[in-house]
Amino acid sequence: MNRTIAFSAVFLLAAWAAFAVPADITYTEGDATLKLKNGKQQDAQIGDKMNTGDTLKTGSDGLAELSQAGVTVKISSGTVFTLMERDVNGKTQTVMSTALGSIKYKYGKLSGSEPAIRTNGAIAGVRGTEFTVFAGADGSSLITVDSGEVDVQSGGKTVQLTAAQGTEVPLGKPPGDPIPIKSDQIDYSKWNQDKLDSMLADPVGTMATLQDALDNYARDVADYYGQYLVSKKQLDEVVKTAAQIFKEKGQDEATKYQQEFYYPLTHQAGALVLNYRYNALAALSLRTYVTGRMYLALKARYILNPDDPVWTDFLGRYNAFLSTFEQSISPQLVDADI
Amino acid sequence: MQSPIRKLVGAAACAILLALSSCASLQHGWDQGSVTMVADLINSGKSAELASMSGSPFLVDGEVVPLKADVAGFWTGIVKAGYKVQGPQLGMTAPATPDSYKQFADTMEVRAFFKNYVKKDTRLLELKTSGGTTVLLLIKDSLFSKKIIQGFKGPF
Numbered sequence: 001m002n003r004t005i006a007f008s009a010v011f012l013l014a015a016w017a018a019f020a021v022p023a024d025i026t027y028t029e030g031d032a033t034l035k036l037k038n039g040k041q042q043d044a045q046i047g048d049k050m051n052t053g054d055t056l057k058t059g060s061d062g063l064a065e066l067s068q069a070g071v072t073v074k075i076s077s078g079t080v081f082t083l084m085e086r087d088v089n090g091k092t093q094t095v096m097s098t099a100l101g102s103i104k105y106k107y108g109k110l111s112g113s114e115p116a117i118r119t120n121g122a123i124a125g126v127r128g129t130e131f132t133v134f135a136g137a138d139g140s141s142l143i144t145v146d147s148g149e150v151d152v153q154s155g156g157k158t159v160q161l162t163a164a165q166g167t168e169v170p171l172g173k174p175p176g177d178p179i180p181i182k183s184d185q186i187d188y189s190k191w192n193q194d195k196l197d198s199m200l201a202d203p204v205g206t207m208a209t210l211q212d213a214l215d216n217y218a219r220d221v222a223d224y225y226g227q228y229l230v231s232k233k234q235l236d237e238v239v240k241t242a243a244q245i246f247k248e249k250g251q252d253e254a255t256k257y258q259q260e261f262y263y264p265l266t267h268q269a270g271a272l273v274l275n276y277r278y279n280a281l282a283a284l285s286l287r288t289y290v291t292g293r294m295y296l297a298l299k300a301r302y303i304l305n306p307d308d309p310v311w312t313d314f315l316g317r318y319n320a321f322l323s324t325f326e327q328s329i330s331p332q333l334v335d336a337d338i
Numbered sequence: 001m002q003s004p005i006r007k008l009v010g011a012a013a014c015a016i017l018l019a020l021s022s023c024a025s026l027q028h029g030w031d032q033g034s035v036t037m038v039a040d041l042i043n044s045g046k047s048a049e050l051a052s053m054s055g056s057p058f059l060v061d062g063e064v065v066p067l068k069a070d071v072a073g074f075w076t077g078i079v080k081a082g083y084k085v086q087g088p089q090l091g092m093t094a095p096a097t098p099d100s101y102k103q104f105a106d107t108m109e110v111r112a113f114f115k116n117y118v119k120k121d122t123r124l125l126e127l128k129t130s131g132g133t134t135v136l137l138l139i140k141d142s143l144f145s146k147k148i149i150q151g152f153k154g155p156f
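Residue numbers (our numbering), protein chains in the order written: chain A, 1 to 338; chain B, 1 to 156.
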């Protein structure tokens, strides 16, 4: 039964994604790897297309540049960039996600339907033409604007940035007040190292923040998935009724019925699939690029002292986080996501 | 007095048994060599070499590590912490199968890692230390690939 639902959901998502605009890879240097939506990995090459669900990772010597519908995306070394999609008020919105590292965005011309920009801790609506997103090891973000305007949202608060302004967004917290800053004044390595150091100085506190963020994703996944199941049930009923109408009243009446009920419901179900998958993948990003990296760093630090209370306290929180993830998020992931 | 056919069958059976035992001892030699090599690299602090021999993605306990820099950071971290594998001995050995995920962690992610990235020629090798701890290694049994270490669990 679950398997049938999963297949149906994947089909709806595939139909939805057919309208997505791919990004062209226009430049690569050093280590740049493309992980495709189907799970396969390959070296990123100039001319490759990056589709929704694909992730581009640059190594410590890697750089890449993409172009999508008039947007130029410059990806720095040590960055993880994913092209995602979600539904907002019945419309599909492209979301450019930075899980780690830094990315500079440059818009040729604003169309009014710009992709949203997300990190593990914030989402930004673009009304600007040139800005940079920095994503830190602890899930926090720093957004700086070189020209135009950008609205940064997190924790129910929106901060509007104009040229030569920036804001820092700690994970799970609202954005800070705008500060005068330019992207070329930021030393990402130093900023990120500070984030990592403060995260490792308080592993239990950091895990509490990560758990809150995961719980939010889990709630959204459960909400959208629950709505999807209702929608799917309605869709099944409509299909049965359409077949009955076809049998009793003929093709024309069945087509009329389908147009009135089937297509809107398909649209609705597709949007719900898009959103529960979007939230599940966002949670996976948090789990992999923040929690997972923290585990590695602490494991190495305490490998000779496994009974140290800092490590054991951390492990307690970490295992609780994994348990939530396995129960609430993993069922909505597929093998290729890993 | 045995018939010539019986003698031939007997000789063939002996040859097969000999070949099988050679294969088994050859495999044992490979496995022994693999754990000794990893232990030596850890003990001599050669984290860069360990990183260059590690596949991507890499498995540490229940963590699927997608970034090469993080794998390198992990090896550097344990070497920097002073971790050594004292008196390394080969323990249990087995071919890795899709079900081997349970040896690392019973999660969807680790299950997908084994399904997606662990090939048939991969071995699960236990590295026993003189201190009584165990490290589980996931090693690709390949002559042609340098990236042979795919996973590390422990010490436990």
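What the hints contain is simulated information worked out from the structure, not anything from laboratory work. On a predicted model such as this, the values are computed, not experimentally measured, just so you know. For glycine and all other residues, C-beta sits at the position ideal for the given N, C-alpha and C. There's no promise every hint is true.
Claimed, not checked - Sample of chain B residues lacking proximity to chain A, with all beta carbon distances greater than 10 Å (derived):
id, residue
1, S56
2, P66
3, K68
4, D70
5, G77
6, K80
7, G82
8, G87
9, T129
Stated by the list, open to error - Dumping the calculated BS3-like pairs for lysine-lysine here, alpha-carbon to alpha-carbon at most 25 Å:
id, chain 1, residue 1, chain 2, residue 2
10, B, K80, A, K37
11, A, K40, B, K128
12, B, K84, A, K40
Consistency of the hints with the structure:
1. S56: violated (8 Å)
2. P66: Nearest chain A Cβ is 6 Å from P66/B, so the label is violated.
3. K68: Violated, since 6 Å does not exceed 10 Å.
4. D70: Given that some Cβ of chain A is not farther than 10 Å from that of D70/B, nearest at about 6 Å, it is violated.
5. G77: violated (3 Å)
6. K80: violated (7 Å)
7. G82: Nearest chain A Cβ is 6 Å from G82/B, so the label is violated.
8. G87: At about 17 Å from chain A, G87/B clears the 10 Å cut-off, so the statement holds.
9. T129: The assertion about T129/B holds, with a minimum of 13 Å to chain A.
10. K80/B / K37/A: Outside the cut-off at roughly 37 Å; violated.
11. K40/A / K128/B: violated (35 Å)
12. K84/B / K40/A: violated (35 Å)
Checked against the numbered hints above, the structure violates hints 1, 2, 3, 4, 5, 6, 7, 10, 11 and 12; every other hint is satisfied.
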